[in-house]
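Trainee: Based on the provided sequences and hints, a complete structural model is requested.
Chains as they are written, first to last, in our numbering: chain A, 286 to 572; chain B, 1494 to 1746.
There may be inaccurate statements among the hints.
Claimed, not checked - 35 Å max Cα-Cα, derived DSBU-like pairs, lysine-lysine:
id, chain 1, residue 1, chain 2, residue 2
1, B, Lys1556, A, Lys550
2, B, Lys1635, A, Lys550
3, B, Lys1624, B, Lys1556
4, B, Lys1635, B, Lys1556
5, B, Lys1610, B, Lys1635
6, B, Lys1689, B, Lys1610
Stated by the list, open to error - Reference listing, derived: stretches of chain B covered by chain A, where coverage requires no fewer than 3 residues with Cβ under 8 Å from a Cβ of chain A:
id, segment
7, 1509 to 1520
8, 1559 to 1565
9, 1588 to 1595
10, 1602 to 1610
As the list claims (entries may be wrong) - Pairwise CB distance ranges, derived in the manner of DEER restraints:
id, chain 1, residue 1, chain 2, residue 2, range
11, B, Val1609, A, Gly503, 43 to 51 Å
12, B, Lys1689, A, Arg558, 50 to 58 Å
13, B, Val1609, A, Val310, 53 to 61 Å
14, B, Leu1701, A, Leu292, 51 to 59 Å
15, B, Gln1558, A, Ala296, 50 to 58 Å
16, A, His293, B, Arg1633, 35 to 43 Å
17, B, Tyr1509, A, Thr378, 18 to 26 Å
18, A, Thr455, B, Arg1633, 27 to 35 Å
19, A, Leu292, B, Ala1679, 48 to 56 Å
20, B, Asp1564, A, Val400, 54 to 62 Å
21, B, Glu1683, A, Ser444, 19 to 27 Å
22, B, Val1609, A, Arg329, 53 to 61 Å
23, A, Tyr372, B, Ala1679, 38 to 46 Å
24, A, Trp381, B, Asp1574, 28 to 36 Å
If you are wondering where the hints come from, they were derived from the structure by calculation, not from laboratory data. Positions of the beta carbon are idealized from the N, C-alpha and C atoms, including for glycine.
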Amino acid sequence: MSRGRTLHQIAAVATLVAVAALCWVLIALARDGLEHWHWWLLWRYPREIQAGGGVGPEIVNTMTMVSLAEGFSLPLGWCAAVWLSEYVRPSPTVRWLERLFIGLQSIPAIVVGLVAFQVLIGALHWPLSVGTGTVALAILNLPQVVVFSRQAMAGVPQSLREGSLALGATPFQTVWTMVLPASLASLVDQMGLSWARLAGEAALLIFTAGLNVGPHWGWFQPGETLAVHLWSVRTEGLMPDRASLAAETGILLIAMTALAIVAAKLLSNRITRRQRGPGRGRGGDRE
Amino acid sequence: MSTTTKLRLEGVSVWYGAQMALRDISLQVPQGVVLALIGPSGCGKSTLLRVVNRLVERSPGAKVQGRVWLDNEDILRRDMDVAQLRRRVGMIFQRPTPFPFSIFDNVAYGPRLHGVKDPVGLRRVVEDSLKQAALWDEVRGKLRRPASGLSGGQQQRLALARALAVDPEVILLDEPTSALDPGAAARIEELVVKLKGRYTVVIVTHNLQQAARVSDLTGFIQAGALIELGETSLIFTAPRDQRTEAYLTGQLE
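Mentor: Structure (structure tokens):
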């Protein structure tokens, strides 16, 4: 009895410490960043050694590269998950593949970046660019997509699949017209989280997309993102306003990821509401 | 009672792994007749239904032996188009399973699968099916609302409308009223009686009165074996087998 209470107390204290630490980081960042906040940050080009540079191209790069990477990895990972969850019968091979994907999730991003560097830049001679970085991000994201797609599909009751099959649907039709719509809310929610995660990714982009930006946006132009910019400004930046610039970039990055997560959550809730109707969960018949 | 046989099982046995769920079942269901299957829980009644539309194959480790004929077509054969079979053999499950769509889209689901796109035709099918399932008067004008907002009884009639919308020949009902209150159950029973003649119906039920009220034929299954099958009135008044009598008089279970 008292042991349970002690555990509860430890958990409560740990939670408080974690929340306090997070708040402290956010407040410190907001204080440093907002003190010198300049709106021109959003559209100006970065400057190497003078103060007054912006992160316009970095914002564009982050948005396009992350969105394109999601665009590649989502359909691919979803299809792999469909195959594993809906088509093949459970077998040792399937379980092995499943564990492989879960294991791949935890490979450090920098290692994925190293492999992408060796293959794409070393062997295929792609430039350090937007394109290379996007492909590297997509590879990093793929196992994640497989795992969360499988979880979303596991949340679809078997009764819906059987209901669909019993009406003469083929397995493909069942996936497309029943399992996908029924798991869409969860998929959209997870997509927001994974977008945010990729937007904050720096390690593997340093040596696939590079540390600077081209004069014009292009597939083969260097493609520094916000997260990478944040890192390079703070570690090797020469501009006098680097401290506030880094804080401002940090705020911008947090705002973007928060926006992605919240937008996805709202969309996901909306889908659930449309499918289940208002007031579900309170029980009872409503005629 | 018509004499053409709609559905015929010949020596059907089913295993789930090493466990035998049905042993050597042979029976015939004439066209347009309602067959009730009764028996203790876990006796294999539901498995028998799932053999007829081949949903049984979804269970891991399931093995089916024997022959099932639908209109003299062997439906257990390897190259059978299972989707096509399930279109001809509809099924209503024990728990109402409204799809997470609107009422209209629930009923239109089957016809759309089979390529009906024309909105006028689709609307007509939906309306006809809802009328046949005696749900139309309660949902007209609310077809765009989510189906999950309906009551349990309404959801079960919606499931029936959904099955009727693909124009099946055989309808399998797996304890369709066990999750419903008596009023809602009575409405489903009325519908089953109305379906008689147009469709061949196999209904699995725990409710003996229900079997007596709705069916023409009754089969008693125990421990995976078909003990007795005959005209409902005879089974309930003068069962030939002692085990049937024991079950009917409540000495089993």
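Trainee: Now tell me, hint by hint, if it's right for this structure.
Mentor: Here is what the structure says about each hint:
no. : hint                               : result
1   : B:Lys1556 <-> A:Lys550             : violated (44 Å)
2   : B:Lys1635 <-> A:Lys550             : holds (28 Å)
3   : B:Lys1624 <-> B:Lys1556            : violated (39 Å)
4   : B:Lys1635 <-> B:Lys1556            : violated (44 Å)
5   : B:Lys1610 <-> B:Lys1635            : holds (21 Å)
6   : B:Lys1689 <-> B:Lys1610            : holds (30 Å)
7   : 1509 to 1520                       : violated (count 0)
8   : 1559 to 1565                       : violated (count 0)
9   : 1588 to 1595                       : holds (count 5)
10  : 1602 to 1610                       : holds (count 5)
11  : B:Val1609 <-> A:Gly503: 43 to 51 Å : holds (48 Å)
12  : B:Lys1689 <-> A:Arg558: 50 to 58 Å : violated (41 Å)
13  : B:Val1609 <-> A:Val310: 53 to 61 Å : holds (57 Å)
14  : B:Leu1701 <-> A:Leu292: 51 to 59 Å : holds (53 Å)
15  : B:Gln1558 <-> A:Ala296: 50 to 58 Å : holds (55 Å)
16  : A:His293 <-> B:Arg1633: 35 to 43 Å : violated (55 Å)
17  : B:Tyr1509 <-> A:Thr378: 18 to 26 Å : holds (22 Å)
18  : A:Thr455 <-> B:Arg1633: 27 to 35 Å : holds (32 Å)
19  : A:Leu292 <-> B:Ala1679: 48 to 56 Å : holds (53 Å)
20  : B:Asp1564 <-> A:Val400: 54 to 62 Å : holds (59 Å)
21  : B:Glu1683 <-> A:Ser444: 19 to 27 Å : holds (25 Å)
22  : B:Val1609 <-> A:Arg329: 53 to 61 Å : holds (57 Å)
23  : A:Tyr372 <-> B:Ala1679: 38 to 46 Å : holds (42 Å)
24  : A:Trp381 <-> B:Asp1574: 28 to 36 Å : holds (33 Å)
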